[in-house]
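Participant: Listed below, chain by chain, are the residues.
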Amino acid sequence: MREPIRPRAITEFLSGLQEGSLRLQVGSISGQAQFYPRALNLGSVAESVYTKAATGQGTLMACTVVRSGVDLPRPVPYWLAMIRLAEGPRILGILEGDPATTPPRIGCSVLVQHHPGKLPPFTFRLADGEQQA
Amino acid sequence: MKILSDRSIAIIGFGEVPNVKSSTAHALDLAAYAAREALASCGLDLADIDGVTTHTPLSEAGDPFWSNLLVETLGLSCHWLQSSDLGGAIAISNLSRAAAAIHAGLCETVLCLCADTPSTQYLGRQGGHRESLADPMGWAGPITGFGLLASAYAARFGWPAEALAKIAVTSRANALANPNACSAFRKPLSTEDYFASRMISDPLRLLDCVMRCDGANAVIVTTTNRARALGLKRWVHPIAYREITNPDPQQRSTDILESGFSQIGPKVFNDAGLAPSDIDVLQLYDDFTFAVLLQLEELGFCPRGQGARLIESCDHSAGGNLPLNTGGGQLSAGQCGLAGGGIGLVEAVRQLMGQAHGRQVTGASTALVSGLGVLPYAGNWGTSAALILETAHA
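Protein chains in written order, with the numbering used here: chain G, 1 to 133; chain P, 1001 to 1394.
These are computed hints drawn from the structure, not numbers from a lab. No residue lacks a Cβ here, since even glycine has one placed at the ideal position from N, Cα and C. A portion of the hints provided could be inaccurate.
[Claimed, not checked] Computed beta-carbon distance windows for the label pairs:
no.	chain 1	residue 1	chain 2	residue 2	range
1	P	Ala1104	G	Pro116	53 to 63 Å
2	G	Val76	P	Ser1022	40 to 50 Å
3	P	Tyr1122	G	Val76	15 to 25 Å
4	G	Lys118	P	Asn1246	26 to 36 Å
5	P	Gly1305	G	Gly31	29 to 39 Å
6	G	Gly31	P	Ala1184	50 to 60 Å
7	G	Gly31	P	Thr1073	31 to 41 Å
8	G	Val45	P	Gly1043	44 to 54 Å
9	P	Glu1131	G	Pro116	13 to 23 Å
10	G	Ile10	P	Leu1206	31 to 41 Å
11	G	Glu3	P	Ile1003	46 to 56 Å
[Unchecked claim] Some chain G residues flagged as far from chain P (calculated, every beta-carbon gap over 10 Å):
no.	residue
12	Ile29
13	Ala46
14	Asp98
15	Ser109
16	Gly129
For reference, chain P alone in the conformation it holds in the complex (with noise of 0.2 Å):
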């Protein structure tokens, strides 16, 4: 997206309540705290927001106007709102279309807000897999999609265990210093646990996957010139964009575990003028560990087949050589429904304020954050999604 790299969209402000387990609370309430939160760490408040991305959550699935309930439920009134269903990409994806309308005079200040309760209640149906031609097959759910794409991998590079396993500890001990980490998580995790963890669709096991929890999250965005006019001294630029639904239309590849992000990796690194080696952050969507492996081979971190090697090798620490999912990720501060993937986006957002206290990467300037959506009927991903970011001042 031009209108990113010519650095005249900020992200100003953030906000995250705490991710928990059945919380017995209303997505509203949840989206309420966000807010404020987010509006409150950039000085503004209700009446300066005139546009809103959100989300229908799944604990509310099935109500068509959500997005105008939340909206007079925050005491807002805007003039430009949209609601997306990217599933993990929603976070990200949203930001780019409020930069979007922000840069067509729709409005200028958004509130990219996300919140989701599925672990107190849950009202959605999943279709996105063909649902009557999978379900009767035998499919049990998207654990089973990657677990055929993990298979697939097994098969062609050999299963990367000890690097999944590495993932999933790094993202507890990450965890650890997260304090809007899910309380179930909030305990160290060895590799002994990881490998004692049961199989769950072969060879995944369940501490390769997320957990469902209750949660909320937001950022402010708005144009640079309104930044520096109220004296913000520090924001982040969102600079590179980029994003694909469906890569593969008529199934010509017969490579089963090529997705977007193959497709849309080198652009967005070539937009920010940038190269893997050059981001000092990555979130990268993790709803399962295998995800995060792929999505480094996909996007360019290291060839195909080398994930494992990337991942054993470095430091994925807050204060090692390639923080990732520094605070947790989902697999490990829990993954709260449709609002998942902002969990990412707020921890680079953190990052690059400087305020992620307690697990902040020295000096970090550039971040990655990635999306993904659906496993489609017998493909990879259907939406890839990656955004780059870049701390500024004033």
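Here chain G stands alone, though its shape is the one from the complex (with noise of 0.2 Å):
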């Protein structure tokens, strides 16, 4: 089966989580960081972006527990999770943990956790000293 045609920026994207670096894209004048990457920059399109790596570090705003569906990246059941990153942007990914205990608690610190070449490419844990419930 071919590979399905992405936009220049997700494929760049998903190159970078082969390499083991989630990279953002950065507007060369405001300096605010995007995701997902896109052809041009959201704030105008008289700015340019540049790309860099993400510190990794993030807040988990919301979660879910997936208990079924077709083609996932890992047997059910797994956490979801909505995640705002240090630089701004909202990212999707695996929260690592039990998915038979009560989530963690929105606002906690995480961190990506690369897994290249691999389904999912990356997944979030929970900070050093933040407590699964």
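Two chains, each in its own frame: build the complex with the hints.
Facilitator: Here it is as structure tokens:
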């Protein structure tokens, strides 16, 4: 089966993940980071973007338990989280932990974990000092 | 839309076919049945229609000429034809565009037609959530997105399980009086049934979600002058409409619960010269129970975090003090794919025409219909739309 055609910026982002790097686009003037990657700066077309690696630090905004689905990257159940990265943008990823327990507190700190060459290519874990409920 | 507030546009007819699970029907057939019923309801025939709005059904996704095929199949000849793809907002957004086209002189009488048979054939490929980024990371469909929003709400305000159960149970009770509701839902639902249903995407349960079915619905829109000339006794004015797509393009908001409804809600009521308390019938887009609660808050029917209190303190049946989704909504009439948004529109028109036999809201003269479309990547609803309707007599 042929690889799907993707926007170039997303292809580059996915390539970065294979190298263990979560890359964000940043406005050349505003310094504002954006995600997901696009062919233009979200603030102004007069501004270009450059790419830089995210710190991988973030805050948990939302978390649900995925209990069923097709072609999922790991067996269910698992936590799927919405994270606000330290640089500002929101991102989705699996949050490591036991989904049979109460999900971690919204607002707790998380860190990205890279898994180059595997699916999913990255997940998040609770930052040191954060407790799973 | 100023062209609505002057009451120069009228909805004069409506039609709907019963929702059926796995009907084996083709969307063209259901579209024809709904169109025929809508035309008959106002005494018009095919030659009276010179404009059409529609959408490509999920069951026919990928056909770039669907709208053309539909018009030809129905034996129509139109001077204005539009197909749109705003998901659950298709029905009311198409109505607003029909009004604009009529005012622009492009056409005079528009058939706004929705039809879909996704439980018989599904050819759709949902990509609005940025699939190449979301799917490999564990996204499992729209339910995942609603589960995320729901978890954020639970963390901030507590999880309103009793209120959501009431929405599910009341919707089912309302559907029992709707002969067009999917037969699978024509049996009572109890609060115990709700809480016994399994978790799907925590904290959402199976009975928080819609079930796909096949169906079609239509309304006919023209000028108020033409409605009078036709000798009609009663029609419905669309008096205010607002929509917004991608309300936070730079993701500046840190509040994931804030949707476009918080922006358009005050505007649509201001345009109509009404307050939420003036609305007699609510038809809120209900792909999930939680969507209903959040819209009540976002549209201004109650303050943030007070949706559960509002729901639990009101009677949402046709005879209640806040009639809501009086035909059962999509939750209990079934979600006929991309035609699902039309269920609320047709039910609102039916109520305001005084033809909701067995579930008529006594004296209903105003209604609000909402629509929403897509959960984008890591965001709230992509499109939020709201329409206010008003009864008119000759």
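Participant: Tell me, which hint numbers fail for this structure?
Facilitator: Hints 2, 7 not satisfied by this model.
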